[in-house]
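Quick note on this note's numbering: the sequence shown kicks off at 438 and runs consecutively.
Hint data in this document are derived by calculation from the structure and do not stem from the laboratory.
Worth double-checking, as some hints may not be accurate.
Claimed, not checked - 27 Å max Cα-Cα, derived DSS-like pairs, lysine-lysine: (1) Lys516 x Lys461; (2) Lys516 x Lys452; (3) Lys461 x Lys439; (4) Lys574 x Lys461; (5) Lys581 x Lys473; (6) Lys439 x Lys453; (7) Lys574 x Lys473; (8) Lys452 x Lys473; (9) Lys574 x Lys516; (10) Lys548 x Lys516; (11) Lys580 x Lys516; (12) Lys452 x Lys548; (13) Lys453 x Lys548; (14) Lys473 x Lys516; (15) Lys452 x Lys439; (16) Lys439 x Lys516; (17) Lys453 x Lys580; (18) Lys473 x Lys453; (19) Lys439 x Lys473.
Unchecked claim - Computed Cβ-Cβ distance ranges for the label pairs, DEER-style: (20) Ser475 x Gly570: 29 to 39 Å; (21) Ser475 x Glu566: 40 to 50 Å; (22) Ile579 x Glu529: 33 to 43 Å; (23) Asp474 x Gly570: 41 to 51 Å.
Note that the Cβ used here is the ideal one computed from N, Cα and C, for glycine as well.
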Amino acid sequence: MKVYVGTDHRGVDFKKQVLNIIQKFGHEVVDVEGTKDSDGRVDYPEVACKVATEVVQSEDRRGVLICMSGIGQAIAANKVQGAYAALCYNAEAAALSRQHNNVNILVLSSKFTEPDSLEDILTAWFSAEFEGGRHQKRVDLIKKIEGEQ
Numbered sequence: 438m439k440v441y442v443g444t445d446h447r448g449v450d451f452k453k454q455v456l457n458i459i460q461k462f463g464h465e466v467v468d469v470e471g472t473k474d475s476d477g478r479v480d481y482p483e484v485a486c487k488v489a490t491e492v493v494q495s496e497d498r499r500g501v502l503i504c505m506s507g508i509g510q511a512i513a514a515n516k517v518q519g520a521y522a523a524l525c526y527n528a529e530a531a532a533l534s535r536q537h538n539n540v541n542i543l544v545l546s547s548k549f550t551e552p553d554s555l556e557d558i559l560t561a562w563f564s565a566e567f568e569g570g571r572h573q574k575r576v577d578l579i580k581k582i583e584g585e586q
């Protein structure tokens, strides 16, 4: 699986940990960089769009986005058709995002995610499979809404 990982300026150290963990899982990792302004800041919408645009090209791709709260990254990524990004602060939410919602982009907060739980969150997300069934109907309804926009 190819995994695209991106962050703004507030998640750089956190991203290093994420990259190491994902590589340990055996996935191919692409480190997505954003454009730094004169103060060294990176605007999260740019990174989110880059990652989401790559992820939606194939079902064998996923993404991980990081920023201080994670909220902006999730909003921006979800503007790309076919991108389903979920902000998850713990392993249970990460697993459910895959099992029930077929999320293809995990969003992490560098401020609110406990560093000690990071590997558990990533393990839960990468190992969880979409359950289909009653959840497929709901995902299809979301896709219908998306198509009507």
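Here is what the structure says about each hint:
1. Lys516 x Lys461: Judged against 27 Å, a Cα distance of about 30 Å means the pair is violated.
2. Lys516 x Lys452: Holds, because 22 Å separates the two Cα atoms, which is no more than 27 Å.
3. Lys461 x Lys439: holds, 13 Å
4. Lys574 x Lys461: violated, 34 Å
5. Lys581 x Lys473: Cα-Cα ~36 Å, so violated.
6. Lys439 x Lys453: Given pair Lys439, Lys453 holds - Cα atoms ~17 Å apart, limit 27 Å.
7. Lys574 x Lys473: The hint is violated at about 41 Å.
8. Lys452 x Lys473: It holds: about 16 Å lies between the C-alpha atoms, which stays within 27 Å.
9. Lys574 x Lys516: Roughly 21 Å separates the two Cα atoms, so the pair holds.
10. Lys548 x Lys516: holds, 23 Å
11. Lys580 x Lys516: Holds: Lys580 and Lys516 sit about 13 Å apart, inside 27 Å.
12. Lys452 x Lys548: holds, 12 Å
13. Lys453 x Lys548: The hint holds at about 15 Å.
14. Lys473 x Lys516: holds, 22 Å
15. Lys452 x Lys439: With a Cα-Cα distance of about 16 Å, the restraint between Lys452 and Lys439 holds, given a limit of 27 Å.
16. Lys439 x Lys516: holds, 21 Å
17. Lys453 x Lys580: The given pair, whose Cα atoms are some 33 Å apart, is violated under the 27 Å limit.
18. Lys473 x Lys453: Answer holds: Lys473 to Lys453 is near 18 Å, not above 27 Å.
19. Lys439 x Lys473: holds, 25 Å
20. Ser475 x Gly570: 29 to 39 Å: Violated, since Ser475 and Gly570 (Cβ atoms, about 51 Å apart) do not stay within the stated range.
21. Ser475 x Glu566: 40 to 50 Å: holds, 45 Å
22. Ile579 x Glu529: 33 to 43 Å: Hint violated: Cβ distance 21 Å, outside 33 to 43 Å.
23. Asp474 x Gly570: 41 to 51 Å: holds, 46 Å
When held up to the earlier numbered hints, the structure conflicts with 1, 4, 5, 7, 17, 20 and 22 and fits the remainder.
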